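K.L.:
Here is what each chain is made of, one letter per residue.
There are 4 protein chains.
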Amino acid sequence: MSKPVGCKRWVIAEGFIPAAGHGPAPEMRSHEALSLLNAAEHEANVEITAYFSDREPAGPYRFTIPPRRTLRLRFNDLTIPEPIPTSTEFTSVVESDTHIVVQHTRLVSRQAEYALMTTPAYPDRPAS
Amino acid sequence: MSKPVGCKRWVIAEGFIPAAGHGPAPEMRSHEALSLLNAAEHEANVEITAYFSDREPAGPYRFTIPPRRTLRLRFNDLTIPEPIPTSTEFTSVVESDTHIVVQHTRLVSRQAEYALMTTPAYPDRPAS
Amino acid sequence: MSKPVGCKRWVIAEGFIPAAGHGPAPEMRSHEALSLLNAAEHEANVEITAYFSDREPAGPYRFTIPPRRTLRLRFNDLTIPEPIPTSTEFTSVVESDTHIVVQHTRLVSRQAEYALMTTPAYPDRPAS
Amino acid sequence: MSKPVGCKRWVIAEGFIPAAGHGPAPEMRSHEALSLLNAAEHEANVEITAYFSDREPAGPYRFTIPPRRTLRLRFNDLTIPEPIPTSTEFTSVVESDTHIVVQHTRLVSRQAEYALMTTPAYPDRPAS
Numbered sequence: 378m379s380k381p382v383g384c385k386r387w388v389i390a391e392g393f394i395p396a397a398g399h400g401p402a403p404e405m406r407s408h409e410a411l412s413l414l415n416a417a418e419h420e421a422n423v424e425i426t427a428y429f430s431d432r433e434p435a436g437p438y439r440f441t442i443p444p445r446r447t448l449r450l451r452f453n454d455l456t457i458p459e460p461i462p463t464s465t466e467f468t469s470v471v472e473s474d475t476h477i478v479v480q481h482t483r484l485v486s487r488q489a490e491y492a493l494m495t496t497p498a499y500p501d502r503p504a505s
Numbered sequence: 378m379s380k381p382v383g384c385k386r387w388v389i390a391e392g393f394i395p396a397a398g399h400g401p402a403p404e405m406r407s408h409e410a411l412s413l414l415n416a417a418e419h420e421a422n423v424e425i426t427a428y429f430s431d432r433e434p435a436g437p438y439r440f441t442i443p444p445r446r447t448l449r450l451r452f453n454d455l456t457i458p459e460p461i462p463t464s465t466e467f468t469s470v471v472e473s474d475t476h477i478v479v480q481h482t483r484l485v486s487r488q489a490e491y492a493l494m495t496t497p498a499y500p501d502r503p504a505s
Numbered sequence: 378m379s380k381p382v383g384c385k386r387w388v389i390a391e392g393f394i395p396a397a398g399h400g401p402a403p404e405m406r407s408h409e410a411l412s413l414l415n416a417a418e419h420e421a422n423v424e425i426t427a428y429f430s431d432r433e434p435a436g437p438y439r440f441t442i443p444p445r446r447t448l449r450l451r452f453n454d455l456t457i458p459e460p461i462p463t464s465t466e467f468t469s470v471v472e473s474d475t476h477i478v479v480q481h482t483r484l485v486s487r488q489a490e491y492a493l494m495t496t497p498a499y500p501d502r503p504a505s
Numbered sequence: 378m379s380k381p382v383g384c385k386r387w388v389i390a391e392g393f394i395p396a397a398g399h400g401p402a403p404e405m406r407s408h409e410a411l412s413l414l415n416a417a418e419h420e421a422n423v424e425i426t427a428y429f430s431d432r433e434p435a436g437p438y439r440f441t442i443p444p445r446r447t448l449r450l451r452f453n454d455l456t457i458p459e460p461i462p463t464s465t466e467f468t469s470v471v472e473s474d475t476h477i478v479v480q481h482t483r484l485v486s487r488q489a490e491y492a493l494m495t496t497p498a499y500p501d502r503p504a505s
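Protein chains in written order, with this note's numbering: chain A, 378 to 505; chain B, 378 to 505; chain C, 378 to 505; chain D, 378 to 505.
Same shape as in the complex, but just chain A (with noise of 0.2 Å):
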């Protein structure tokens, strides 16, 4: 491929990391995470910030994607520096040093059935 796939900026409007044990239903668990695609031959550098109604935002929370792999993230697993507090909302801003592609997925389970929910994230390309 010769042209960069994807691009440098991506905003996902919808998270929510349920506490354990807690959520709109007890038997219902949610699994949140980012589906991420770097194309290129070389790694990509990406940072996370995520922002909230009440508070300062959350981050960087920085990871590296391999050349020409995915990456699935979940949510409850950033850590540093801080864990994303549950049972909150929070809008993510994905900024990469190179052009990748974002989708969010989320896994709600309650009882024998399951469903996988994806958004597209927004492609934030600065106009040109």
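Read the hints as simulated data drawn from the structure, not as lab findings.
Note that the list lumps identical chains together, so a pair holds whenever it fits in one copy or between two copies.
With a straight-line cut-off of 20 Å between C-alpha atoms, the simulated EDC-like cross-links for lysine to aspartate or glutamate are:
(1) LYS385 to GLU420
(2) LYS380 to ASP474
(3) LYS385 to GLU424
(4) LYS380 to GLU424
(5) LYS380 to GLU472
(6) LYS380 to GLU418
(7) LYS380 to GLU420
(8) LYS385 to ASP474
These numbers were taken from a predicted model, which means no experiment stands behind them.
Dock chains B, C and D against chain A, hints included.
P.N.:
Coordinates of chains B, C and D only, in the frame set by chain A:
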């Protein structure tokens, strides 16, 4: 962040506020909301206009998002200049004096089950 | 609003009208619809063309959206120049002589449950 | 139509082919598919590359879309140069020599219920 996050106009094509005790099914309640992000260092002044199939538009509904904050806005909390009619489909145009990100969220509850459906808004960026 | 809202061409990649009493499950009915917004001060003249996997496209289906109004259009109400075949997947291209916003809506009903699924259409803006 | 419909590269961030008799729940089967539109007057020659978290990409998978036609492509029908591994998350990059439109479709079946979930693909248009 050196460049502003998002854009100044967003469109949410599908909105619907059920009347109290009314809706596709009596046991189903829907909460229509917008998730908004202002990642900038200054306030965002926002206006919403609601369009309908059989009457003039309602609004503008005015509110402010503090710097570096998200805002969750429920459509049935919009009362000035007039409440948005219930049991009526509408489309919202969200305009801000600075760059923001908008997503549409619908919480559907039926008896013991909950579902959170999110739909991306349309970022109406002017052609550059 | 100083600049027109939306764009002149939209694509809905996934469409399907079940035959009467037919579908993935007998108790499931689906209503495919488009939500359209014309935020401008003049009428929008719109044409839909439906593409299929094994026959020539159908249409154009012509209609008008009044100024400052939304329009809900059900695919099975399109009859001129021909009804869209049932039990057949199709893709729609929506073209307007002025800027509009389009979203795809699917109402799925099963016994006592209803679900409204919305999918954004693809805004086919020409590269500037 | 005077201008081509769509763009030449699309990304589907979330893909997953369950192994036979395997998946989040035994009674749940998922059919991952792409809906593609070629609205042009000539063939579209398309290549898909699948990216993974822990191995080199698979592909390219090559196929053709006739003029003025849609194509429904199931991921588990892709066998040359190799089948896409099952029970493995992957991301697809779809590249065409002419403009096309792509959407991701997932049919989930559980006992008597069916759900068709569609997610828009990311139109990776180069910055103009």
